[in-house]
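Protein chains: 2
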Amino acid sequence: MLDIQNRMPTVSYKGQSMPESPIRKLVPFAEKAYKENKTVYHLNIGQPDIKSPVGAMDAVAHHSLEILAYTRSEGSEPYRQKIAGYYQRNNIMVEADDIIVTTGGSEALLFAMGSIADAGDEIIIPEPFYANYNGFAVASGVKIVPVISKIENNFALPPIAEFEKLITPRTKAILICNPGNPTGYLYSKEEISKLAAIVKKHDLFLVADEVYREFTYDGLKHYSILEEEGMDKYGIIIDSVSKRYSMCGARIGCLVSKNKEVISTALKFAQARLSPPTFAQIASEAALETPQEYFDAVIEEYVDRRDTLIRLLQEIPGVKVGHPKGAFYCIAELPIDNSDDFARWLLESFDLDGETVMVAPAAGFYSTPGVGTNQIRIAYVLKKESLVRAVHILKAALEQYRG
Amino acid sequence: MLDIQNRMPTVSYKGQSMPESPIRKLVPFAEKAYKENKTVYHLNIGQPDIKSPVGAMDAVAHHSLEILAYTRSEGSEPYRQKIAGYYQRNNIMVEADDIIVTTGGSEALLFAMGSIADAGDEIIIPEPFYANYNGFAVASGVKIVPVISKIENNFALPPIAEFEKLITPRTKAILICNPGNPTGYLYSKEEISKLAAIVKKHDLFLVADEVYREFTYDGLKHYSILEEEGMDKYGIIIDSVSKRYSMCGARIGCLVSKNKEVISTALKFAQARLSPPTFAQIASEAALETPQEYFDAVIEEYVDRRDTLIRLLQEIPGVKVGHPKGAFYCIAELPIDNSDDFARWLLESFDLDGETVMVAPAAGFYSTPGVGTNQIRIAYVLKKESLVRAVHILKAALEQYRG
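Residue numbers (the working numbering), protein chains in the order written: chain H, 1 to 403; chain U, 1 to 403.
Treat the hints with care, as some may be off.
Identical chains share a label here; the pair holds if one copy fits it or two copies do between them.
[Stated by the list, open to error] Derived lysine-lysine pairs resembling BS3-like cross-links, with alpha carbons at most 27 Å apart:
| id | residue 1 | residue 2 |
| --- | --- | --- |
| 1 | K260 | K165 |
| 2 | K82 | K35 |
| 3 | K258 | K25 |
| 4 | K200 | K260 |
| 5 | K201 | K320 |
| 6 | K51 | K258 |
Hint data in this document are derived by calculation from the structure and do not stem from the laboratory.
I would like the entire structure built from these sequences, with the hints used as guidance.
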């Protein structure tokens, strides 16, 4: 019966369950800090300061469209053809028909979850993981089952036996992020092969968020799930131009699979929303022509930043930090109890000569309650001088916070 | 237990249930017609041939971005401020904080459904309705409950008693499209007031897809649900720049509500996907400066097309057609049994001097099985000469098909 005591339309349980991002909760405190004229070094964000490829930005500036029309729901044909070429050059042997262009990697994740999981189905994800997986899971009615990876092991793949313990009849997939946000961990060929074996054994999908594919360091090479033998039925790649070309605002990504049923299903989700954005596809198509020097310079810059960051963090007493081999994040364990409190305190109550830092508390990247509460995620998307200063401030802050 | 007889990861029931668009099913037949060098007049599509405002396209051409960065999840602040101004000029008294910029009206619909309905909840929609509502409903786990509107009444609002019969404890909202796709019907102030009264009485949301707001004819003015008194808690507007500025490929829309709980909930969905597309927001912001002459010319063009189309359709024996007062669609009832068959036959087996037409069978716009099977939707987004020729072909085709 209708409840006539409460005459108000109400939002959904689903909407109430949608998590807030671990960073968003801090935004009011950051705004307060700005008002107090504090300088805030943003170690919290994933928006790189790297310039987008000039060719991509020029392609949009030189557009000659008179009607900004829809493209095909699966993405413009020439763009899909060219992405297929990009994958083939990266030893991922797919064709245009195996690709659906999406509105960012975000939409590719939503399409993947919608295509492979019903309400109540489970997806196993090594934690810590990209916090927005939680939001897509809630939106899709999917239950995330975490398997813990540890800072002591540099966030390497947990033992396969740990995954196997968690598999139930409702398990539909294992989802990994490689290289990892927030860990910076790059899975080895051996680790990918182990994951491939377990999904084959249990009839699961292996979904790999490979948006940081290009960002690998120390001479290591990314090994994609679709380079592995026999993964045509099982593998789904999530990809995005956001980080690769520092084009986060394009909102262009893609879903890639050799499994025709997955593609035809995801296409139905794509058709419902009509088309990915047209200007952004122009930029993304042109970005595929970006010369290798661009990436070489970017990688050199990130390696320099990483080395600086990790070295300085290790010099702080009580701080433990993994050694990231990819992406541009690291998890640091601090000699504190609660990084949510600490992050808020940094913005609200601390400054060093009028400056402070904003960090992402890591608990939001874990699904298991109580884990990661003494960790933070640091994104090294700031210039080296800023990173040096930011870590100096962090060190002083830790001394004061603990004192 | 896992079924070891069927060692294959499978797509979801949800994915299997996603409907294909009524037009998509015809695409292979259209492609066959092209191969046979037939000219196909597209009466099926919602992509206008009208040029986008020059100011909007130039704003993107003159961009000076070096980093294509995220905007805020709720949309860029200056753009939201300006849209609020647009609404105020249209007597819809909302502020920037009442608006979340979305990736097309499509995403606004998904956010609305996710924010107000859980799996199994019901939304009542007058049919025929925009076919993709079905896709968003499946993706959101929402059940659409149709209430039939009739061609005899020009698709006016069904009697409120018909809605009331369908309300259950799981009903969360009534959703209308005004002016209507596919009907072209423009709800009167009185009809909106009746809907407002029923949602207030039963604690429901009233969601209004007003993307065709600007397209009203014969001196009639659009009356928004948020012009109605006391709708702050109940009203949610879905909007889009796609049709207003002929910028379908921008993928910019918005969700508008004075209900703070709806906005803060929808914002969580927006945050999970980070940001709407940046270039498209530049175009959309500039489009708000489009001079009135642009719209006057567009409306004049559409009125001319509508008058031509309706007059010629009425001259075909056995054809019944509503008189659209808005948008750029009409539903025509044909003297046939099955418009799916007829639409396919038009592409596959018919031509008049090498020319044929593609129409959208209307059954896909109805949720009740078996209804609308003798109807088609026609979009008058082609130039007048093409419309004249297309209806001439349609007339000849009907004679041959029935003969």
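Original post:
Is it within, between, both or neither when you check K51 against K258 at 27 Å Cα-Cα?
Top reply: Classified as neither; 33 Å inside a copy, 38 Å across copies.
Subject >> Intra/inter-copy verdict for K200 and K260 if alpha-carbon distance must be at most 27 Å >> reply: within (17 Å within a copy, 47 Å between copies)
**OP:** Check K258 against K25 for me: Cα-Cα at most 27 Å, and say if that holds within a copy, between copies, both or neither.
**Re:** between (39 Å within a copy, 23 Å between copies)
Subject >> Intra- versus inter-subunit Cα pairing at 27 Å for K201 with K320 >> reply: For K201 and K320, neither the intra-copy (37 Å) nor the inter-copy (59 Å) Cα distance is at most 27 Å.
Original post:
Checking K82 and K35: alpha-carbon separation at most 27 Å within a copy, between copies, both or neither?
Top reply: between (47 Å within a copy, 25 Å between copies)
Subject >> Intra/inter-copy verdict for K260 and K165 if alpha-carbon distance must be at most 27 Å >> reply: Neither: 30 Å inside a copy, 43 Å across copies.
Hint compliance for this structure: hints 1, 5 and 6 are broken, all remaining hints hold.
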